[in-house]
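Asks: Start from chain A and add chain B according to the hints.
There are 2 protein chains.
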Amino acid sequence: MLVYVVKDCLVKALQLVLRAVSANSPYPILTGISIQALPEELIITGSSSSMSIQYKIHQGDRGVTVRRSGAIVVPARYFYDIIRRCTDEWIGLEILEGLKLTITSGKSHISLCGMDASEFPPIRGAKGSAFLTSFSIPAELLSESVRQVFPSVSTSESRPVLSGIYFEWGDKGLHLTATDGVRLASRIIQHEHQGCEGFSAIVPGKNAAEAAKLLQDADSAATIGISSNQICFSAQNLLIQSALIEGAYPVVQSIIPKRYLSEAITETAAFLHAVERAAVLAGEGILQLSTAGKALFLLSKTAEIGDVRDEVSLTDRSGENFALALNSGFLLDILRSMKSMFVILRYTGSWSPLIIQPSDAIESAIYLLSPIRTASH
Amino acid sequence: MLVYVVKDCLVKALQLVLRAVSANSPYPILTGISIQALPEELIITGSSSSMSIQYKIHQGDRGVTVRRSGAIVVPARYFYDIIRRCTDEWIGLEILEGLKLTITSGKSHISLCGMDASEFPPIRGAKGSAFLTSFSIPAELLSESVRQVFPSVSTSESRPVLSGIYFEWGDKGLHLTATDGVRLASRIIQHEHQGCEGFSAIVPGKNAAEAAKLLQDADSAATIGISSNQICFSAQNLLIQSALIEGAYPVVQSIIPKRYLSEAITETAAFLHAVERAAVLAGEGILQLSTAGKALFLLSKTAEIGDVRDEVSLTDRSGENFALALNSGFLLDILRSMKSMFVILRYTGSWSPLIIQPSDAIESAIYLLSPIRTASH
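So the protein lines, in turn, are chains A and B.
If you use my numbering, the first sequence corresponds to residues 1 to 377, in order.
If you use my numbering, the second sequence corresponds to residues 1 to 377, in order.
For reference, chain A alone in the conformation it holds in the complex (with noise of 0.2 angstroms):
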């Protein structure tokens, strides 16, 4: 292998597939980085023992200049400090004997030990390997989708399926689904797309989240490609593949409450505030929501440390007064994941889940907190 790449193209590759490389894998080829030189293109690959993510840098984008063929696996943190440390506009990589690759930069010359490049786990999105159904999106709203539903996916190892965003072809367009018992997040993708009705897949949460915030700049669409047993998201020179979930995800449109005793309508960031402070004592912990009129009361309370009295103005409000109590941090999270300027709760009972909508996208995004039996409720 010889090549001569334009360092801030490196780096970039780099910053982007370090983010599936674990320092500590308990396999050493995984704490390592593919470099793998082809006469048009050097393909740079992370992998983790569940997803893997590659960048391409052409050599018709005037980024590199492939002299010879080859590949290696080198350290991937002591590789990326010292092309980062680099101050010439041009790396040369070059494996002159055995498994070590020269870095030149100017007067510098480094040399480090790699590992052999067969035993890195291959791509298959990258053999054009026949995918069972594939689409494309607009990147930033898949981003935005998953991100939105992240954080109701399960943390719990208990059931494997929770840990994991439900991918499903409904009738609207593609559904995202997570949950973890106490509280489901389910956003719809709008969009028509022939032949992919009746697909789905159950990708790792923090897999889907890693590839959400790696597309997000991309101003592309993003083409998500499924085989039996992998998902591929792909969107300029980026891929990033991931193992999926085997098992049945659970049939949660039942769950949903169809009718509700009554509304209240307030304004996103105002709230958001609100259950911040509250949340500064309470954590995790306990917060009290009540209506009356057009107020909406917080109180949280907290042994030995204090308590936080909040009040919000409702923008509207119909059906009867209600309190309840939910999980602070979970209602954070939530709206911390609205972009919507106005938030609709719909009260459904006192031992059924609290609906939240953000009030622009109500057909698509609806979000479900069941409450919390405390001794005044």
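Since the hints were made in silico from the structure, they are not lab data.
Zero decoy hints are in this set.
Copies of the same chain look alike in the list, so a pair counts if it works inside one copy or between any two.
Within a straight-line C-alpha distance of at most 27 angstroms, the following computed DSSO-like cross-link-like pairs (lysine-lysine) qualify:
{"#": "1", "residue 1": "7", "residue 2": "301"}
{"#": "2", "residue 1": "339", "residue 2": "107"}
{"#": "3", "residue 1": "258", "residue 2": "339"}
{"#": "4", "residue 1": "100", "residue 2": "301"}
{"#": "5", "residue 1": "107", "residue 2": "301"}
{"#": "6", "residue 1": "172", "residue 2": "206"}
{"#": "7", "residue 1": "107", "residue 2": "7"}
{"#": "8", "residue 1": "339", "residue 2": "213"}
{"#": "9", "residue 1": "100", "residue 2": "12"}
{"#": "10", "residue 1": "107", "residue 2": "294"}
{"#": "11", "residue 1": "213", "residue 2": "7"}
{"#": "12", "residue 1": "258", "residue 2": "294"}
{"#": "13", "residue 1": "7", "residue 2": "100"}
{"#": "14", "residue 1": "12", "residue 2": "107"}
{"#": "15", "residue 1": "206", "residue 2": "12"}
{"#": "16", "residue 1": "172", "residue 2": "258"}
{"#": "17", "residue 1": "294", "residue 2": "339"}
Computed from a predicted structure; not experimentally measured.
Replies: Just chain B now, kept in the frame of chain A:
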């Protein structure tokens, strides 16, 4: 106590005094911050067992209105997190009953359990007790000087005096010295002052560095007052008090070599970047330096990881060529604290320390770094 204070003033005060507070102090009272309302000012104080930081908000500056004097100690982290989340410009602080502070902002009412202010360690400097010595120097100069010598402070607890920075009035002004036995940093702040001759004090390194950080942005003179067991730094509304380390500081002037065998001058930035690249693989390991003509060669080898060879041009060189091995982390600390465009290296022999000095302040700053004995040296 009943005071109204401008949120931004209080947030600023808390950010400063919180630097002294440790959330896991073994003394519960030190996990809190003291709020003291006097007729004309609000005094906010945070303390650890060896230092205190105090900030005053004056009624005259329109930052506070004191209606009723009083004092209380409240949990630092909770108080700060609530205050910064308040959305109104003014915040009310009131003690209504016993040890409870009521915080009011808009429609928010937060009641926070506090502690007895009489248990909080008093600040001596604030009470105007007589100092043995007191003098003023520009805050920025003091701050920069402390940060230059601080990296050489010993992190070992075997000789407590070496964990401090030695402040001493010499014939040229205020001398600051730090050494851990392997390296030494000395800086003279040239300043004339009557009646300070012969004074000296050992200030805990961490406390001095904290004071340096806090005084960094004060565009005024800093006043330093020293009593038998305390040092007090003050500037504008800020006061920092630290305990002193008891004991006799070693006489270091005799260690500094008076002659050198050769001298090399190079650009600080280029040298720093080369040492940074070498330190990626070597960490705080061995870096070999050698000169040949007008070039300075760097070499670091790390078994099973790789090696770095680098070269920087010398702008000037006199005397014999030299080669020696140094701790690369220690050399980095020195170069990073240097503002000078050029750095002077003075070789004094294979077993005696390398002298490193900034070219623009050769009179006032000196660093010594002992070589490491390796098989090849």
